[in-house]
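Number 33 in the numbering used here belongs to position 33 of the sequence shown; there are no gaps in the numbering.
Hints listed in this document are in silico derivations from the structure and should not be mistaken for laboratory results. Quantities reported herein were computed from a predicted structural model and do not represent experimental measurements. Just so you know, even glycine gets a beta-carbon here, dropped at the ideal spot from N, CA and C. Do not rely on the hints blindly, as some may be mistaken.
So the derived label-pair ranges between C-beta atoms look like this [as the list claims (entries may be wrong)]:
1. 130 x 267: 37 to 45 Å
2. 178 x 24: 32 to 40 Å
3. 161 x 97: 36 to 44 Å
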Amino acid sequence: MVNPLYSWTFRDPFHPIFIETTTTMSIASNAFLILIAFLSSAGQQIGSYRYLLAFFALCDIWTSIGHAVVQPYVHLTSAGFYFFPRHGGRELFGKPFDTISVLFFIATYYQTFLVLAFHFVYRYKTVTRGLHSSFNSRWGMPQWILMGTTVNVIYIGAFLLTVAIGMTPSPKNRDAVPHEIFDIYGVNLKDEHYGFTVMAVRTAVPCVFSYAPLAVCLMWPFTGISLGAFGNVLFLITAIFPSIDAFFVLYFIRSFRAAIIRIFRLPFDTGSVIEPSETEHTKTVANRI
1 MVNPLYSWTF RDPFHPIFIE TTTTMSIASN AFLILIAFLS SAGQQIGSYR
51 YLLAFFALCD IWTSIGHAVV QPYVHLTSAG FYFFPRHGGR ELFGKPFDTI
101 SVLFFIATYY QTFLVLAFHF VYRYKTVTRG LHSSFNSRWG MPQWILMGTT
151 VNVIYIGAFL LTVAIGMTPS PKNRDAVPHE IFDIYGVNLK DEHYGFTVMA
201 VRTAVPCVFS YAPLAVCLMW PFTGISLGAF GNVLFLITAI FPSIDAFFVL
251 YFIRSFRAAI IRIFRLPFDT GSVIEPSETE HTKTVANRI
């Protein structure tokens, strides 16, 4: 078996320990964020924005669980990359379960980008309300939830449909699997019982919405240079974000930070972080959206 210098990052014991650690941190920190948002007075101070924070926290948790379940390998080639689970070869109703699990992981991973877009929409509507009118100026919570759900279903559905049609295994894809994958991982992707996702250069979308490591995975093949197993190092980095995201939210929202200091009786003041000043108008808008 071939062993690159960085092979320790995707082999035992580092790989499972790293993934399990980040997953545990993600579940604990994001669950705590949700509790602060809904069970403390701090959550009341930010109005309905807490619902977006909670949704984002849930997406972080699901993404981390997906990392732990799939433990994906990402092998870069000169024309794209192969994305497949570490423990493969399982079947469900006669179909490779690996393909299903990978598609589910892709859906949860992409979901966070949609929720991030909702954050920008929320902030834009909060800041510009009263400056001009639009067709949704008088929308309340039900209308925004309906619109968000509709957009979410359409985008996730379209993305998964694209992946399911163009990136799931086919006899042609299996025949093209480079032998180095078996040499490095001991995995035979030519076996029809092993599901994987293969991505070609011309389908490298939506790279503009991805984090830097994932952007490298998607865009680097345009250079025609194969990075091989180094894709595992890049994708492993993406597991860090959902595990630390909640910590930034808890710190930079002053009321949340103060709540944590009170709960744990920490010997600190709330500190001073530059935050936008509020008026009665913006408070009313925040509670309405």
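(message) Which constraints among the numbered hints does this structure fail? Numbers only, ascending.
(response) Hint 3 contradicted; others consistent.
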